[in-house]
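S.K.: If you read the protein sequences in the order shown, they are chains X and P.
In terms of my numbering, the first sequence opens at residue 1 and continues consecutively.
In terms of my numbering, the second sequence opens at residue 1 and continues consecutively.
Since the hints were made in silico from the structure, they are not lab data.
Treat the hints loosely; a few may be bogus.
[Claimed, not checked] Interface residues of chain P toward chain X, partial, derived using beta-carbon atoms under 10 Å:
#	residue
1	Ile302
2	Glu305
3	Ser310
4	Phe313
5	Ala337
6	Leu382
[Claimed, not checked] So the derived label-pair ranges between C-beta atoms look like this:
#	chain 1	residue 1	chain 2	residue 2	range
7	X	Asn33	P	Asp46	55 to 65 Å
8	P	Lys169	X	Val35	35 to 45 Å
9	X	Val35	P	Gln131	26 to 36 Å
Quick caveat, the model's predicted, so the values are computed rather than measured.
Positions of the beta carbon are idealized from the N, C-alpha and C atoms, including for glycine.
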Amino acid sequence: MADFYTDVVLEHFRNPRNSGELEHADAVGDVGNPVCGDLMRISMQINPETEVIEDIKFRTFGCGAAIATSSIITELVKGKKIEDALKVSNKDVIEALGGLPSVKIHCSVLAEEGIVAALKDYFDQHPEKTRPPYLEEKEKLLAAIEVHEH
Amino acid sequence: MIYLDHAATTPVAPEVFEAMAPYLQGEYGNPSSFYGLARRARGAVDEARERIAAYLGCAPRELVFTGCGTEADNLAIKGLAFAHADQGRHIITSAIEHHAVLHTCRSLEKYHGFEVTYLPVDRDGLVAVEQVAEAIRPDTLLVTVMHSNNEVGTIQPISEIGALCMERKVRLHTDAVQSLGKTPLKVDDLNVDMLTIAGHKFYAPKGVGALYMRRGVKLANLLDGGAQEFARRAGTENVAGIVGMAKAVELLETRGVEDNERITRLRDRLITGVLERIPQAQLTGHPTQRICNLASFCFHFIEGEGILLSLDFEDVCVSSGSACTSASLDPSHVLIAMGYPHEVAHGSIRMSLGRHNTEQEIDQVLDLLPPIVERLRSMSPLWADAKRKGEV
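Given these sequences and hints, build the entire structure.
M.R.: And the structure:
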């Protein structure tokens, strides 16, 4: 595990991708807690026919790692179908960033949670749609991690 | 590079380096040995002790050299607690101490059955003398309150606390690591029994500190072994470091007043500039009762580490009070004790000036900082929400 930020992390912190908030978002997820120093808001535009995440933006209050994990996860899920986006894990985030200091691993979990929270919001708004089988599973899993983290 | 982290450490002054050099090379004798080479090393340590003692207004024998400020704090607190454990088991400190004091007190609670009272502070970071008075019990051995705070710079009313402690016959220790060189420190004016200093905060090297202990104060040793330091701290003396620390004190005597006048002006320029140019920013710590070289701020709606990183890209060195830079994710215990909400405390930055900083450097930082804060805010959901609600 890296002791300091990798060049990829620093680059994403300097030039974050997809930063901002979608005005007409189909799904929004807020995760983290400013009291703990992290708050991430993911907004998505989802094609109702194809279930593809066509656009995604993030806003994050947090350290450099929190901003970098937010930025990279928007890149990892943009253009993916919902079920594929749900397969992106915090390990993928860490790998894509070339590693994270061990005290910052929770930032990668937060990014994964952000995607899940936004997608949960999407299916909450559309009860007529079939929820992907592992959406709930993932929520539970992440909730467990969160308890462990704090 | 613009270095604004002198509260973390300072460069070794060239004069200090020069004074030390012989004791790292030709004059390498062990002060405890017999022959001329050793006697010269011993002489250098004695001379250094006299100079620093004179600066603090104490007798040379009242000064014990240590490996760092942390060791001096440990020696003062544990040393006194262990030597007097049969007379009492209560210690009073403040909630905003450096971890060298705070964790030492915790360790005494956890492993040695002591009771510790952690005094609260007000919004400016001040300990109230009346609260010290109320906290003193018949079994209180020691009060330990820092002279100035390392995160926000607030100077405590130590001489008043000291007068109270003398009257109540309780020992007083103060960690003056951040204060030495920034404000006059005479142990008799401060009414302290023990006082900690660390060389690397005033242009001496890392690895050398000292504890002043008033004549009559009994401490249990932390390091047992040889009879160095009047048998109060075993271990071969860091001769070069001690000589360097004395030279650094000499420099404070010759140029300190002038340096501090200039540093104070620069610090005030920095504070005024930041508060004028950046909305939703606040100075933390006491507005006037603070050490002359330190300015600390909270920038609302963003996290301090982002500012730190962005300034690092521009080769500007500052510190974040937020512990996000360390292994702990908790915000500064100092700001929390001062009553700042967690999310605000996460946005703290400390800038500490030194003798080499220039007006041009301060102006450069004042130009760099606003766009950095603005960029991070543009990414913050808290800022977006506050704007939406019309709060900012």
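S.K.: Decide, hint by hint, whether the structure agrees.
M.R.: Hint-by-hint comparison with the structure:
no., hint, verdict
1, Ile302, "holds (7 Å)"
2, Glu305, "holds (4 Å)"
3, Ser310, "holds (8 Å)"
4, Phe313, "holds (7 Å)"
5, Ala337, "violated (16 Å)"
6, Leu382, "holds (5 Å)"
7, Asn33(X) to Asp46(P): 55 to 65 Å, "holds (57 Å)"
8, Lys169(P) to Val35(X): 35 to 45 Å, "holds (43 Å)"
9, Val35(X) to Gln131(P): 26 to 36 Å, "holds (27 Å)"
Checked against the numbered hints listed earlier, the structure breaks hint 5 alone; every other hint is satisfied.
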